[in-house]
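Asker: Chain by chain, the residues:
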Amino acid sequence: MTAPLLAVENLRVTFAAPDDPHAAIRAVDGVSFDLAAGQSLAIVGETGSGKTTLARALLGLHPAGAVAGSIRLDGAELVALDEQGWRPIRWRRIALAVQNAGTAFDPVQRVGDQIAEPMREHLGLADSAARVRALDLVAELGLGERHLRSYPHQLSGGEKQRLMLAMALSCAPDVLIVDEPTSGQDMLTRAKMLAFLNRVRQDTGISLLLISHDLAAVARLADRVAVLYAGKLAEVGPARDVLQRPRHPYAWGLLNAYPNMTTARDLRGVRGGLPDPAHPPTGCRFHPRCTQAVDECRRIEPPLQPVGDWLVACHLGGLQTLLRVDRLAKTFSLNGNGFRVEAVRDASLDVLEGEVVAVIGETGSGKTTLGRLVAGMLDPESGAIAFKGQALDSLSGPALKDVRKQVQLIPQDPFDTVSPRLKVAEIVREPLDVQRIGAPAERMAAVREALAAVGLPDGDSFLARRPHELSGGQLQRLVIARALVLEPKLIVADEPMSMLDASEQAKLINLLKDIQNERGMGLLLISHDVALVRKVADRIVVMRDGAIIESGPASRVVTQPQHAYTRALLSAAPAFDWFEDGDPVSGG
Amino acid sequence: MKSRFALTLVSLWAVLTLNFLLPRWLPGDPLAALLDPDSSSYVYNAEVRGALEAYYGLDRPLGEQYAAYLTGALGGDLGRSIRLNQPVSDLLREHLSWTLLLTLSALIAASLLGVIAGSEAAWRRRSAADRLLVVTGVLASNAPVFFTGMILLILFGVELRWLPLAGGRTPFARYDNALEQVRDYGAHLLLPALTLTLALVGSKFLLVRNSVIGVLGEDFMLVARAKGLSPRRLKRHHALRNAIVPFVHHLTAHAGFAITGALFIETLFNYPGMGRLIFESVVARDYPVIQGVFLVVSVLVLCANLLADWLTARLDPRTQEA
Amino acid sequence: MQITLPQTARAIRQSRAPAAIRRLAASLGAEGAIGLALLVAFAIVGISAPLLAPYDPAAFSGAPLERPSADHRLGTNDVGQDILSELIAGARISLAVALGAAGGTVLLAVLIGGAAGYAGGWIDAALMRVVDVLMALPQLPLLILITALLGAGLGQMVLVFAALFWPGTARIIRAQVLSLRRRGYVAQARGFGAGPVYILRRHILPAIGPLIVFGLVTAAARAVVFEAGLAFLGLGDPTAKSWGLMMRYALNLPGLLLSDRWLWWLLPPGLCVTVLILALNLLGIGLEHRLDPRLKRP
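Chains as they are written, first to last, in our numbering: chain P, 1 to 588; chain V, 1 to 322; chain F, 1 to 298.
Just chain P, with the same shape it has in the complex (with noise of 0.2 Å):
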């Protein structure tokens, strides 16, 4: 294998804190990764979390003192050099093109003057040969003489970020750092600098290392990314793979935060903020705002170790899987005809922390029988299901109660799944008597925590009201109080608002997604209404039959469905809109 271009091991970049001299802040805390010849690398990571402080370290920017570790570049050592040792290597080897093309530029010399001065400082040109190298540089971008002979305030900003970049390339770098590209600009300059950057990539098989938080264009330029948090990294791998299914929770959450066309799914942040720079997390330094955090996240750093083809720091190996159905089996027999329904057949499928799976499908596909299964009302007959790893035709005893407190299901029809004699507070204090959970003051304040959670009055008189008191929707609300009460980790919803109109509905499945952001749960929901299920699910599995006949992530199967069957149901899926023809499009 041969080695890397430029390999960085360990390296720490700390400044003291400019309000407390005897602070460190730690911008950059043990980040290592390689970049071999011709290759990208995308770091990616919110502001703050020293993507910048990289990039700079990288060319040396920083005082003497504040870097520790290794950067490699074919194999000498960068980090023990002086600002003397450094001057050659700068912009020659390792060019960096910064964020605010602004700023970069002195206001007071012509800007060809600036593109022409490094290669006189490296390649020795003479004058005039530095000109006419920069005027072929800046033609490729589309500008011209004009440009060169003017000041900086004399050019608008996206000129002046192509300018830059013509002069970072100015002295055919090995390594090109770009600092976030693509910020600030309107969408087409921003696919002309892609491309740009892309030819460049090709014709010169110069490594690039692309700063950014805009993940679209990480899809199109790297090959690799990675996926900064707070100073240290969290993910590593394959553009394709970290962008589309990452592990890491955080690189998970940025995702979903990312707005992107072919996603009808609402936006969703991660909970919680950064980290004060100087005072971060012990442990794992996402644990705060991690859903899944256990124990040992709050007390150890997780390295960053291999899982698969790519790097995840996380003690749990990333995103954990909370169900895994495999090849998954139940037949009924009609009564003493000896006529059997195979209601699942083969069925295979993942829940993973914080996802949305989607199943969909018509009125006997199985997925209620499906539903139940998962929750352990009835019992398959082959395949198994397992609960965060744990097999649970393995279990027995307290194992087993304990995982079925942390699977709890939203049935489909709520009448009948609530006893009329009850009142509201005993049904959904229900979960918490079976499983024997706390005093009864606390099992209280438990329902009405889930009650409020709901949107429910949780006051005395509503406490004290029985079923048939209560509206469809109110009922439907009061089983998925119920569900939530043992707060699980796990929820599967079967047709949860069948029973409630549009505005209802809305409501609802925004508050259930909250919850599910809030705790990381999963959910599975079932549901024949294709449009609903588009607005939150991550993953759609679509069933027929019995049989799991197409899976995949949300965007993909409604925008490119492969199965025939898949395609009738999207295109029977309600939609109503006008055109100009005047004719409603409508589907059903």
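Some hints could be false.
Here chain V is said to cover these stretches of chain F; the calculated rule only asks that three of the stretch's residues, wherever they fall, bring their Cβ under 8 Å from a Cβ of chain V [unchecked claim]:
# : region
1 : 201-213
2 : 222-230
Calculated from the model, a selection of chain V residues having no Cβ within reach of chain P, i.e. all distances over 12 Å [to be verified]:
#  : residue
3  : ALA51
4  : ALA67
5  : GLY75
6  : SER111
7  : GLU159
8  : MET221
9  : ALA239
10 : PRO317
Hints listed in this document are in silico derivations from the structure and should not be mistaken for laboratory results. The beta carbon of each residue, even a glycine, is placed where N, CA and C say it ideally should be.
Chain P is fixed; fit chains V and F onto it per the hints.
Answerer: Frame of chain P; chains V and F shown alone:
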């Protein structure tokens, strides 16, 4: 630039008019007193008194006086000195060259020193040398000009006797060649110029230092460094070139300060410039001379401001759009 | 039931004093704190001058040109007046001039600058043109001319200072008032039906308060410089023995510099002027810092 030029013209007019109106409008009627036999400032010399009457023309209507005054001033007639019975313009011409010599040499020296020291101090921020220079700069810029002059005079003129105590040149000296003349003039110029330089350099140093520090923090300096340019090029071509702009701008305000500072120093060192002229005229209440000095100094200051503005415009391409 | 408010207020003020002082010192920075401390020292000397001075400065309390002794710590001047007493009394005069000029300057600046900023339009444009022209005029020559024509007199000098210094501060105040007037909350207040007086009191004055203090300090510093200079040139008020005048009288003595008399007659007033100006300028730096904490610290 054009607006600045217009402003200068307007200010010039304001100066001329103030020069005309103030003696006539301020309480106490000083001009009339010159011609009033009962007042203490009565001018006894009939010839001089006649010249004064003719020049001021107090018995004529104000408009006529103003017109006469303006034509006279623009033509070079500024009246006659009461004390020396000479045309004011002659006196001014004699003394102006000394003042210019002093002021220009001090301005150049202070600027060079301030720029070099300020730039170096900024690059070596927070070092011991920088701290020392800053404290010195603050002290120097705060001490009144005449106080610094006093200290230097005593130190070098009296105690050490290295330099002459007073005058522009050795009285009644005759020089064998030009070099000797330059040396004599130089020796007499040194202390006053040094004093003025010290008075000016403090604020210049601090300004350049702050300016360079500000520039060093700018993004483009980071990019320039990232380009692997030599420290020399970074310092001179980029940092200083940018920092010089507010410095030249500052010269606008300071030109006036330099000239007025020179006035004080000439008094102290008995240097034959306009400062001494004004001092002696003030003692003698020689109003025509005082007015003449006011006019010339004002014109000088306004021209210096204009020059500084022009320089700023040339140095900073961002202002050229206007 | 009712607690008398004056008592309470006093108690609060007393108990808060040390903390407030500490906070003030911190917000001014090192330079500002030093400047303030020095200024306070000068003020104390100036206010209690009659008590501190060993003799009446105008009295001929000793033989002329005595050397420093137990009786006359700084010796006597050429007519036999105690130099130390003159020095202490001079503090009063310098401070009086500083205060008077500062007050007058700021008053004019606030009135004219504030009016310009608030009124806007052609009034603002016209006033600012006047300010431009006035600022372009060289101040010392003008001062010399005016004082030569007016004759000596401390009060007159203070008025002239105010008349010369106001444009600079007026510009700053006008800029602030202009920006305030456009701010959202001022428009909101107008929407509630507030009149100009309310807006002035509630929103504008608190915002320009710091600028006023800054203006006072800078005007005071310039007044001290100019007063000393004018007195030094012989244009000062002969009845008010300021430090500048002391230096003038000292220099009038032939051969002063050749003896060591300058040490106790010329140097002390010179030092006092320098230190007072330094104090005011340092305080100015500290205030500037408070006004714009974003300024990079040197």
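Asker: State for each hint whether it applies.
Answerer: Consistency of the hints with the structure:
no. : hint    : in the structure
1   : 201-213 : violated (count 0)
2   : 222-230 : holds (count 3)
3   : ALA51   : holds (55 Å)
4   : ALA67   : holds (48 Å)
5   : GLY75   : holds (44 Å)
6   : SER111  : holds (19 Å)
7   : GLU159  : holds (45 Å)
8   : MET221  : violated (8 Å)
9   : ALA239  : violated (9 Å)
10  : PRO317  : violated (4 Å)
Violated hints, in rising order: 1, 8, 9, 10; the structure is consistent with all others.
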